[in-house]
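Modelling step: build the complete structure from the supplied sequences, incorporating the hints.
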Amino acid sequence: MRSDGAKAGLGLKLAAAGGLAFLHLPLLMILLYAFTTEEKSYQFPPPGLTLKWFAVAWARDDIWAALSISVQIGLVSTAVALLLGTLAAAAVARRRFFGRETISLLIILPIALPGIVTGIALRSAYSLADIPFSFWTIVLGHATFCVVVVYNNAVARLRRTSPFLIEASMDLGANGFQTLRHVLLPNLGTALLAGGMLAFALSFDEVIVTTFTAGQQTTLPIWMLSELVRPRQRPVTNVVAVFVIAVTFLPILVAYYLTRDGEQVGGAGK
164 MRSDGAKAGL GLKLAAAGGL AFLHLPLLMI LLYAFTTEEK SYQFPPPGLT
214 LKWFAVAWAR DDIWAALSIS VQIGLVSTAV ALLLGTLAAA AVARRRFFGR
264 ETISLLIILP IALPGIVTGI ALRSAYSLAD IPFSFWTIVL GHATFCVVVV
314 YNNAVARLRR TSPFLIEASM DLGANGFQTL RHVLLPNLGT ALLAGGMLAF
364 ALSFDEVIVT TFTAGQQTTL PIWMLSELVR PRQRPVTNVV AVFVIAVTFL
414 PILVAYYLTR DGEQVGGAGK
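Residue numbering for the sequence shown follows our numbering, beginning at 164 and increasing consecutively.
Worth double-checking, as some hints may not be accurate.
[Stated by the list, open to error] Derived CB-CB ranges, DEER-like: (1) I294 / L416: 15 to 25 Å; (2) S297 / L276: 36 to 46 Å; (3) I283 / L212: 42 to 52 Å; (4) W299 / L268: 23 to 33 Å; (5) I294 / L188: 20 to 30 Å; (6) I408 / A218: 13 to 23 Å; (7) F298 / L416: 24 to 34 Å.
Hints are computed from structural coordinates only; laboratory data are not their basis.
Note that the structure is a prediction, hence the values are computed from the model and not measured.
Where is the CB? At the ideal position from N, CA and C, for every residue including glycine.
What follows is the structure in C-alpha cells.
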C-alpha cells in the first residue's frame, strides 16, 4: 500500500505530460505565429520572425474599438454578477427556506448549459419582449453565467465562516453596516475578488452568447472570428489572440492564488 508521499510512476508522469502538451501546445503555436513573416499560411517552422504585426495591430482603430466594448461589457457584467451573486449566496448560505436547493440549482444552471442554448433562449426572450439588441442585451447575456462564478465563491466562503461571528458583532453593539464592513467583507473579500476576476475573464472572451445577443456591437472575440476568414489578417488575429490569452489568463491565475487556501478560513478575516 502506497503512502501519500509516494512518487508517481513513469506512466502517470507521461500521461500528465501528454495532457498538458495537448492543452497548451496550441497556445504556444498561436504565440509563435504572431511573430511569423508569412501572411497567408501557417508554415512550420516559420520562414522568419518579425514584430511588425504588433505594430499593425496597434494602429488598427477597429481593434481598439472592439477592445473597448469588450472591457466595458466585462466590467458592467462583473459588477452585476458581484451584486446579484453575493446577495443570492447570502440568502442561500444563511437562511433555511422551502425550495432553497432548487433555487441554488437554478442559479448554477446557466454555467452548465451549452452557450448556444443560452444564446437562443436569450434571443427569443428579447424578441418576444421587443427589446432591441444593444450593449445592454450583451451585458444581460454575460451576467447570466458570470453570476454563477461569483455565487459559487461567495456561498462556499460563507458556509465556512462561523455565523457566531455575526452574532458576536451584533452583541457587541455593531450595527448592520459595521458588521458587514468589519466582519463579513474581510472574510468574503478574497472570494469576491476571485469571483469577480473569473467573471470578467469569462465575459471578456465569450463568443457564442455574444453572437446571439449583440446588435451592431463588435466585441474583440467577435472581431477575431470575423477576421479569421481573411488570409492576410491571420498574423494580426494571432497578435490579438495572444493579448486575449494574457487578459484571461492573468485574472484566473490571481483568482487561483487568492482562493487556494480558502478552506483554512473559518472565522478570522483573510
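Enumerated hints in conflict with the structure, sorted upward: 1, 2 and 5
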